[in-house]
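Chemist: Since chain H is already given, all that's left is putting chain W on it; use the hints.
Each chain is listed here by its residues.
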Amino acid sequence: MKLYCLSGHPTLPCNVLKFKSTTIMLDCGLDMTSTLNFLPLPLVQSPRLSNLPSWSLKDGNAFLDKELKECSGHVFVDSVPEFCLPETELIDLSTVDVILISNYHCMMALPYITEHTGFTGTVYATEPTLQIGRLLMEELVNFIERVPKAQSASFWKNKDVQRLLPSPLKDAVEVSTWRRCYSMQEVNSALSKIQLVGYSQKIELFGAVQVTPLSSGYALGSSNWVIQSHYEKVSYVSGSSLLTTHPQPMDQASLKNSDVLILTGLTQIPTANPDGMVGEFCSNLALTVRNGGNVLVPCYPSGVIYDLLECLYQYIDSAGLSNVPFYFISPVANSSLEFSQIFAEWLCHNKQTKVYLPEPPFPHAELIQTNKLKHYPSIHGDFSNDFRQPCVVFTGHPSLRFGDVVHFLELWGKSSLNTVIFTEPDFSYLEALAPYQPLAMKCIYCPIDTRLNFIQVSNLLKEVQPLHVVCPEQYTQPPPTQSHRMDLMIDCQPPAMSYHRAEVLALPFKRRYEKIEIMPELADSLVPIEIKPGISLATVSAVLHTKDNKHVLQPPPRPTQPTSGKKRKRVSDDIPDCKVLKPLLSGSIPVEQFVQTLEKHGFSDIKVEDTAKGHIVLLQEAETLIQIEEDSTHIICDSDEMLRVRLRDLVLKFLQKF
Amino acid sequence: MPEIRVTPLGAGQDVGRSCILVSIAGKNVMLDCGMHMGFNDDRRFPDFSYITQNGRLTDFLDCVIISHFHLDHCGALPYFSEMVGYDGPIYMTPPTQAICPILLEDYRKIAVDKKGEANFFTSQMIKDCMKKVVAVHLHQTVQVDDELEIKAYYAGHVLGAAMFQIKVGSESVVYTGDYNMTPDRHLGAAWIDRCRPNLLITESTYATTIRDSKRCRERDFLKKVHETVERGGKVLIPVFALGRAQELCILLETFWERMNLKAPIYFSTGLTEKANHYYKLFITWTNQKIRKTFVQRNMFEFKHIKAFDRAFADNPGPMVVFATPGMLHAGQSLQIFRKWAGNEKNMVIMPGYCVQGTVGHKILSGQRKLEMEGRQVLEVKMQVEYMSFSAHADAKGIMQLIGQAEPEHVLLVHGEAKKMEFLKQKIEQEFRVNCYMPANGETVTLPTSPSIPVGISLGLLKREMAQGLLPDAKKPRLLQGTLIMKDSNFRLVSSEQALKELGLAEHQLRFTCRVHLHDARKEQETVMRVYSHLKSILKDHCVQHLPDGSVTVESILIQAAAHSEDPGTKVLLVSWTYQDEELGSYLTSLLKKGLPQAPS
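Residue numbers (the numbering used here), protein chains in the order written: chain H, 4 to 661; chain W, 8 to 607.
This is chain H alone, in the form it adopts within the complex (with noise of 0.2 Å):
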């Protein structure tokens, strides 16, 4: 059993896991962070942008003139943002199997994955997984594609020329492979191949590997997964939370008894505490708005903005905001708000109870209809007619690369009186900032990440007790500006197995058993025998049928009756095959009781003669010599087939079959 780990980036794996006959890939994550290096796309021309400084080498070689770009002393790409893929090389992609999606957040690269690499298998997700993830995609590509850029830069990926530029981008990794967004009609191919499947249900794999997921806790439909056959378990932890906020609550006791253990997905930000951070969030809200400020949140459309919208439900009046204006822009903004709200069964308990009244599970359904939040597909249309100030603002992409907030920090960043509120956790706020410096904007950095921390990790191994962990490398080890933090990574016995980007484990486990069925006529014909107390045994013989992976025992045939022959026989027919087995034999002789029987059976004239390790019993008359020993015993008779069979068998019946 192997993993392939085709992603670094902790939160956005990509694994494929080798097991029994089968290739699984684990997530499909995207990493999004390559694009802080490129320069944002404007929605409406922006002279600041336009007119920034080329930058070049110290040579005075000006070829990269026109690709790179300099602001207060950082140097972009001015180019289409790219992404980080996740490793294509390191195993061929056409030969997985299937690809299992924990959330909706680590499947944006399955259109470059199942569009590219001649995949020709199944992906498995939950609903709110493929329509959540949908509007994800359809946000990005709508991003990209509605700012058409003419210039895809290519010369600073040179590796001599990526050498001699300043960090962050000297440092940037794999830049080889990356690649532009994928088209809508990639990803609805993408899309097409998805199979839904619900928590706990069973999914057989080519009947050798049983896949179930379980819920996650982290987002509407998110999964951990358990992939088992009926002797080995490994869990695939990927994105969970155990804090109560608007999903159904993590499934932690069928994760227990696993071989394996693979973790992956916890907080990126260990020291913060969600609950803390909402409240700082509606307080800078609150008080950026009282001021006569605009409030700026970069958001994704799905997901922990549910909650923020929540708590402003139940903060606005009381801290006397009710005249203010919220506005949520983005092209799947309705779609997000309305999905939400239709997939009761995903959801924690409380928001379930109240379909059942009937109302909607998510107060935002109340603010839209009350007019205190509205929704805008893009900041052209509508929104430019009802638009008022001050406002808060909800608004993608929280890279800041791209999207309406692009234009909004653009419009605000001069102020500050206004307010930009960083709760995604995915970017670092101040590479996002970078290419807005010198900005007057306040910045408030909230970022709200519910998945697991290293407390929770660790009381979560306890319970669930996983023969051996494996993580990614970034969780083995203190996080790097926090060196003396030793809290702050996985503690566990015996020590988690760690791996990098291209790296293939193997994971530590034997199989040593496999499922096989007795037919029940089989089965009736089976003689067990009790050898200790509570141990019994039973030596079969049967026909071993495999079909689709699953084997079978079945009883074996009957001696064909020799066809009442006219045909003449051939001498062949008689040889018996080799391969037919007979079963061990174990036990001793005890010699009295042999003779004994062998008396009984009407042998006389016995004769018994001690030797150095055991008895020679002699029948005279037969001519015959029987050799007991204590492991061994040995017939020399006359080529008397008839007797030979009767001594046989009196001697097996004091040895026990195996």
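None of the hints are false.
List time: in silico BS3-like cross-link candidates among lysine-lysine, alpha-carbon distance up to 30 Å: (1) K585(H) / K493(W); (2) K493(W) / K656(H); (3) K299(W) / K377(H); (4) K205(H) / K296(W); (5) K357(H) / K138(W); (6) K134(W) / K357(H); (7) K138(W) / K205(H); (8) K553(H) / K34(W); (9) K535(H) / K507(W); (10) K507(W) / K660(H); (11) K299(W) / K313(W); (12) K599(W) / K610(H); (13) K507(W) / K518(H); (14) K34(W) / K259(H); (15) K513(H) / K469(W); (16) K34(W) / K518(H); (17) K469(W) / K585(H); (18) K205(H) / K139(W); (19) K69(H) / K152(H); (20) K377(H) / K445(H); (21) K599(W) / K585(H); (22) K23(H) / K469(W); (23) K23(H) / K493(W); (24) K196(H) / K299(W); (25) K139(W) / K259(H); (26) K493(W) / K259(H); (27) K21(H) / K469(W); (28) K507(W) / K585(H); (29) K310(W) / K377(H); (30) K377(H) / K281(W); (31) K375(H) / K281(W).
Residues of chain W placed beyond 10 Å of chain H at every Cβ, according to the derived structure: (32) G95; (33) Q390; (34) Q531; (35) T559.
Simulated from the structure, these hints should not be mistaken for lab results. Glycine is no exception: its CB is placed at the ideal position from the N, C-alpha and C atoms.
Modeler: Just chain W, lined up with the frame of chain H:
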């Protein structure tokens, strides 16, 4: 001998009061817990005293499963759990869990408030009963206990309707509840994988009907409604608040819009809006088309259909009214029917099945003079139409489902005996499986022979598989191993491993037979002759002539010695172990026959 036992307490050769007891591998499951619309006495509920004479139901039943929210499938549930007494788990899908208590409350109100029945279950009992419910999601495997598991499949019949697989080890039963194999305007088609259950319990409401295309029926329906409205008549459509009503509303709504019609359409109860809200929140349970477009336009927001007020019934002019309940057995639909029945311009359209004893059933069977309460006779002059919109599978659909699931046996419920008889024959002919149709209280027993799962050591399995996968019919190869049984842990290992694990030594049993040959030649020559003789016969075996003068066939050793008394006789010593028994025995008898004359 293990067996599966099935006893219908209701819906055995009947429609209504669905309640089926299943015993499988020592587990007892009750499928549905319905009431009968045709009765107002004790017979309306299943006879639960049948389940266990003494002892609590909770101890006897492992779980109860409700297939969908129709009252003939869940109407007796509060009576069963709160009045008879059952505290175990009750499984149903989330939409059923949401809608079921509303319909139960409705039913209770009609029974207690309108008919004044005493000793009926109370609102509190409905609430307490619903607390015992556990929601089951589609395709989720729910572990009722360590051995018993259930799994729900989409059934299409109404919102949240499900078929259930009940499984213990390798034995399983599938219960379809009510289902529909063709997608309609708001629901998808039932689907099940090839799960090969021991038994499929299927409904058979439309056992003999093969329905024409849905489109024709819809056109027919719209035509009839349109004609009646055009000539100024009133149309009454008795429906149940949830299910068929929504489909017909969508149909009329789009028709009214297309034809720009002005006649009002009303829906009778306050439940509608609430009902439509359920459809909006549980949109993932509707069909593909509605799910795809719901963000742009929610199909369950109707423009033309308004709430009905009792006073509207006397308004002049045409109108269309959807009124509950669907079989005209009580409530508002019956009231309106009595008002409109005398006018031949009016029309009543029965869009679903009517149980015997209801007014709906009477007028459908042609009765035109009805005896109402107080000996009043109501003459029915209005037109009576029946349109099968009821979302049950027809004969073709039932056969299709059997084809999908590939059961070993089929059992019919929820249908009329005569029609079942016909379907039973058809099923037995086409699928060559036994088909049963027990009456209420009658038990069907099916012996099963579950195979026994054991763990085989990978070494043994691989050794065996390495020999080639295709079994040879003529000379089947036998796998030889030892089954070690410790508690409930069964392992099949090679004989060597079994000995080793138990710390036992092998006992070797060896035979040596003396075979006398008349051969005056030297021993070496005799051996040569034996060697070439065996070599010519045993083509598939490894026959070797060793330097020390002996011959081996596989692991069997043959040596020659001179006879002590007769120089013209040689003695062959054939020696083998018990494991080579067959071959050793064969060789001695072969050599005993003597050697062929040396070729000259």
